[in-house]
Amino acid sequence: DPKIPLGAKGLIGRLQIPMLKVAIADKEVFSKKDHPARLLLDTLGEIAIRLPADFNTQSALYGHLETILQELISSYKEDLEIFGIVRDQLITLMKREDERIEAEARAASEKVVQDEQLAVAKTAAQAAVSERVQTHPLPGPVLEFIIEHWLKLMILIHVKRGAASEPWTRAIEVMDQLIWSVQPKETVEER
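Just so you know, we're using the numbering used here here: the sequence shown kicks off at 1 and counts up by one.
Treat the hints with caution; some may be incorrect.
Think about it this way: if two alpha-carbon atoms lie no more than 16 Å apart in a straight line, the pair counts; the simulated EDC-like pairs of lysine to aspartate or glutamate are [unchecked claim]:
1. K27 with E66
2. K21 with E78
3. K160 with E116
4. K9 with E46
5. K33 with D54
6. K95 with E46
7. K3 with E46
8. K9 with E78
9. K9 with D34
10. K122 with E148
11. K77 with D115
12. K3 with D54
13. K111 with D98
14. K21 with E110
15. K160 with E131
16. K9 with D54
17. K160 with E78
18. K21 with E116
Hints in this document: simulated from the structure, not taken from any laboratory.
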(Lines of atoms letter the chains of each structure in order from A and count residues from 1; the text may use other names and numbers.)
(Lines give C-alpha, C1' and ligand atoms only; values in the text may rest on other atoms or scores of the structure.)
Protein backbone atom coordinates (compact mmCIF):
# COMPACT_ATOMS: atom_id res chain seq x y z
CA ASP A 1 0.00 0.00 0.00
CA PRO A 2 1.58 3.34 -1.02
CA LYS A 3 0.06 5.03 2.07
CA ILE A 4 2.25 2.96 4.38
CA PRO A 5 5.63 4.61 5.04
CA LEU A 6 8.77 2.70 4.12
CA GLY A 7 9.87 2.58 7.77
CA ALA A 8 6.66 0.76 8.70
CA LYS A 9 6.99 -1.62 5.76
CA GLY A 10 10.45 -2.56 7.01
CA LEU A 11 9.13 -3.30 10.49
CA ILE A 12 6.26 -5.39 9.16
CA GLY A 13 8.65 -7.20 6.83
CA ARG A 14 10.62 -8.44 9.83
CA LEU A 15 7.59 -10.51 10.84
CA GLN A 16 7.79 -12.71 7.74
CA ILE A 17 9.58 -15.58 9.52
CA PRO A 18 7.27 -15.76 12.57
CA MET A 19 4.20 -15.41 10.32
CA LEU A 20 5.49 -18.13 8.02
CA LYS A 21 6.04 -20.42 11.01
CA VAL A 22 2.48 -19.75 12.18
CA ALA A 23 1.05 -20.33 8.70
CA ILE A 24 2.89 -23.67 8.37
CA ALA A 25 1.74 -24.81 11.83
CA ASP A 26 -1.84 -23.52 11.51
CA LYS A 27 -3.50 -23.42 8.09
CA GLU A 28 -6.41 -21.33 9.45
CA VAL A 29 -4.26 -18.30 10.24
CA PHE A 30 -5.70 -16.24 7.36
CA SER A 31 -9.18 -17.75 7.26
CA LYS A 32 -10.00 -17.17 10.97
CA LYS A 33 -10.59 -13.48 11.68
CA ASP A 34 -9.94 -13.95 15.39
CA HIS A 35 -6.64 -15.82 15.01
CA PRO A 36 -4.01 -14.06 17.24
CA ALA A 37 -1.47 -13.75 14.41
CA ARG A 38 -4.05 -12.30 12.04
CA LEU A 39 -5.29 -9.86 14.69
CA LEU A 40 -1.71 -8.72 15.18
CA LEU A 41 -1.25 -8.18 11.44
CA ASP A 42 -4.53 -6.27 11.25
CA THR A 43 -3.45 -4.07 14.16
CA LEU A 44 -0.08 -3.43 12.52
CA GLY A 45 -1.85 -2.48 9.30
CA GLU A 46 -4.09 -0.01 11.14
CA ILE A 47 -1.07 1.50 12.87
CA ALA A 48 0.98 1.68 9.66
CA ILE A 49 -1.73 3.58 7.78
CA ARG A 50 -1.93 6.17 10.56
CA LEU A 51 1.80 6.87 10.59
CA PRO A 52 3.11 10.04 8.94
CA ALA A 53 4.68 9.71 5.50
CA ASP A 54 8.12 10.65 6.88
CA PHE A 55 8.07 7.85 9.49
CA ASN A 56 11.53 6.25 9.53
CA THR A 57 14.26 4.93 11.81
CA GLN A 58 14.82 8.44 13.19
CA SER A 59 11.24 8.71 14.49
CA ALA A 60 10.84 8.28 18.26
CA LEU A 61 7.89 5.94 17.72
CA TYR A 62 9.99 3.71 15.45
CA GLY A 63 12.19 2.60 18.34
CA HIS A 64 9.18 1.67 20.46
CA LEU A 65 7.57 -0.32 17.65
CA GLU A 66 10.84 -2.03 16.83
CA THR A 67 11.33 -3.09 20.46
CA ILE A 68 7.84 -4.55 20.70
CA LEU A 69 8.09 -6.43 17.40
CA GLN A 70 11.58 -7.68 18.22
CA GLU A 71 10.10 -9.27 21.33
CA LEU A 72 7.76 -11.28 19.07
CA ILE A 73 10.54 -12.26 16.69
CA SER A 74 12.80 -13.36 19.57
CA SER A 75 10.17 -15.03 21.75
CA TYR A 76 7.93 -16.88 19.29
CA LYS A 77 8.43 -20.62 19.22
CA GLU A 78 5.04 -22.31 19.05
CA ASP A 79 2.94 -20.47 21.61
CA LEU A 80 0.43 -18.15 19.92
CA GLU A 81 -0.11 -16.23 23.15
CA ILE A 82 2.87 -13.99 22.32
CA PHE A 83 0.89 -12.54 19.36
CA GLY A 84 -1.86 -11.37 21.73
CA ILE A 85 0.65 -9.94 24.19
CA VAL A 86 2.47 -8.02 21.44
CA ARG A 87 -0.84 -6.81 19.99
CA ASP A 88 -1.90 -5.46 23.41
CA GLN A 89 1.46 -3.69 23.74
CA LEU A 90 1.00 -2.10 20.31
CA ILE A 91 -2.51 -0.95 21.16
CA THR A 92 -1.28 0.58 24.44
CA LEU A 93 1.60 2.29 22.65
CA MET A 94 -0.71 3.79 20.06
CA LYS A 95 -3.13 5.02 22.74
CA ARG A 96 -0.23 6.82 24.42
CA GLU A 97 0.86 8.22 21.05
CA ASP A 98 -2.69 9.42 20.32
CA GLU A 99 -2.83 11.11 23.73
CA ARG A 100 0.53 12.78 23.09
CA ILE A 101 -0.58 14.03 19.68
CA GLU A 102 -3.87 15.28 21.11
CA ALA A 103 -2.03 17.12 23.91
CA GLU A 104 0.32 18.73 21.38
CA ALA A 105 -2.60 19.78 19.19
CA ARG A 106 -4.44 21.20 22.20
CA ALA A 107 -1.33 23.13 23.29
CA ALA A 108 -0.81 24.49 19.77
CA SER A 109 -4.45 25.53 19.58
CA GLU A 110 -4.25 27.28 22.94
CA LYS A 111 -1.10 29.08 21.85
CA VAL A 112 -2.82 30.34 18.70
CA VAL A 113 -5.73 31.64 20.76
CA GLN A 114 -3.35 33.30 23.23
CA ASP A 115 -1.37 34.87 20.39
CA GLU A 116 -4.58 36.24 18.88
CA GLN A 117 -5.73 37.62 22.23
CA LEU A 118 -2.35 39.23 22.76
CA ALA A 119 -2.41 40.81 19.28
CA VAL A 120 -5.90 42.23 19.87
CA ALA A 121 -4.90 43.50 23.33
CA LYS A 122 -1.73 45.09 21.97
CA THR A 123 -3.65 46.84 19.19
CA ALA A 124 -6.31 48.15 21.60
CA ALA A 125 -3.76 49.36 24.16
CA GLN A 126 -1.59 51.01 21.51
CA ALA A 127 -4.63 52.75 20.05
CA ALA A 128 -5.69 54.09 23.46
CA VAL A 129 -2.17 55.30 24.31
CA SER A 130 -1.48 56.70 20.84
CA GLU A 131 -4.72 58.68 20.82
CA ARG A 132 -3.74 60.43 24.05
CA VAL A 133 -0.03 60.84 23.42
CA GLN A 134 -0.54 62.41 19.99
CA THR A 135 -3.09 64.97 21.19
CA HIS A 136 -1.15 66.23 24.22
CA PRO A 137 2.45 67.41 24.42
CA LEU A 138 4.07 65.43 27.25
CA PRO A 139 7.37 65.73 29.11
CA GLY A 140 9.89 63.04 28.19
CA PRO A 141 9.75 61.04 31.45
CA VAL A 142 5.94 60.92 31.40
CA LEU A 143 5.88 59.89 27.76
CA GLU A 144 8.50 57.24 28.46
CA PHE A 145 6.54 55.95 31.48
CA ILE A 146 3.31 55.65 29.48
CA ILE A 147 4.93 53.94 26.51
CA GLU A 148 7.33 51.69 28.43
CA HIS A 149 5.26 50.72 31.44
CA TRP A 150 1.63 51.78 31.27
CA LEU A 151 1.16 50.27 27.83
CA LYS A 152 2.30 46.86 29.13
CA LEU A 153 -0.15 47.10 32.02
CA MET A 154 -2.98 47.92 29.64
CA ILE A 155 -2.10 44.98 27.40
CA LEU A 156 -2.13 42.68 30.42
CA ILE A 157 -5.48 44.04 31.62
CA HIS A 158 -6.98 43.64 28.15
CA VAL A 159 -5.79 40.02 27.85
CA LYS A 160 -7.01 39.02 31.30
CA ARG A 161 -10.20 41.08 31.62
CA GLY A 162 -11.06 42.65 28.25
CA ALA A 163 -11.81 46.19 27.08
CA ALA A 164 -15.24 46.28 28.69
CA SER A 165 -13.87 45.58 32.18
CA GLU A 166 -13.65 47.97 35.12
CA PRO A 167 -9.82 47.61 35.38
CA TRP A 168 -9.46 48.65 31.72
CA THR A 169 -11.67 51.70 32.27
CA ARG A 170 -9.69 52.61 35.41
CA ALA A 171 -6.38 52.25 33.54
CA ILE A 172 -7.62 54.67 30.85
CA GLU A 173 -8.84 57.10 33.54
CA VAL A 174 -5.53 57.00 35.42
CA MET A 175 -3.62 57.60 32.18
CA ASP A 176 -5.91 60.54 31.36
CA GLN A 177 -5.40 61.97 34.87
CA LEU A 178 -1.62 61.60 34.58
CA ILE A 179 -1.62 63.38 31.22
CA TRP A 180 -3.88 66.11 32.64
CA SER A 181 -1.64 66.54 35.67
CA VAL A 182 1.42 67.43 33.58
CA GLN A 183 -0.37 69.82 31.22
CA PRO A 184 0.15 73.55 31.85
CA LYS A 185 -2.70 75.05 33.89
CA GLU A 186 -3.72 78.40 32.43
CA THR A 187 -6.47 79.52 34.76
CA VAL A 188 -6.74 79.76 38.52
CA GLU A 189 -9.55 77.16 38.52
CA GLU A 190 -7.37 74.63 36.63
CA ARG A 191 -4.50 75.20 39.06
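Verification of the hints:
1. K27 with E66: Given pair K27, E66 is violated - Cα atoms ~27 Å apart, limit 16 Å.
2. K21 with E78: holds (8 Å)
3. K160 with E116: holds (13 Å)
4. K9 with E46: Holds, at roughly 12 Å.
5. K33 with D54: violated (31 Å)
6. K95 with E46: Answer holds: K95 to E46 is near 13 Å, not above 16 Å.
7. K3 with E46: Holds, because 11 Å separates the two Cα atoms, which is no more than 16 Å.
8. K9 with E78: violated (25 Å)
9. K9 with D34: This hinted pair is violated, its Cα atoms lying about 23 Å apart.
10. K122 with E148: holds (13 Å)
11. K77 with D115: violated (56 Å)
12. K3 with D54: holds (11 Å)
13. K111 with D98: With a Cα-Cα distance of about 20 Å, the restraint between K111 and D98 is violated, given a limit of 16 Å.
14. K21 with E110: Roughly 50 Å separates the two Cα atoms, so the pair is violated.
15. K160 with E131: violated (22 Å)
16. K9 with D54: holds (12 Å)
17. K160 with E78: violated (64 Å)
18. K21 with E116: Roughly 58 Å separates the two Cα atoms, so the pair is violated.
Of the numbered hints given earlier, the model fails hints 1, 5, 8, 9, 11, 13, 14, 15, 17 and 18; all others are met.
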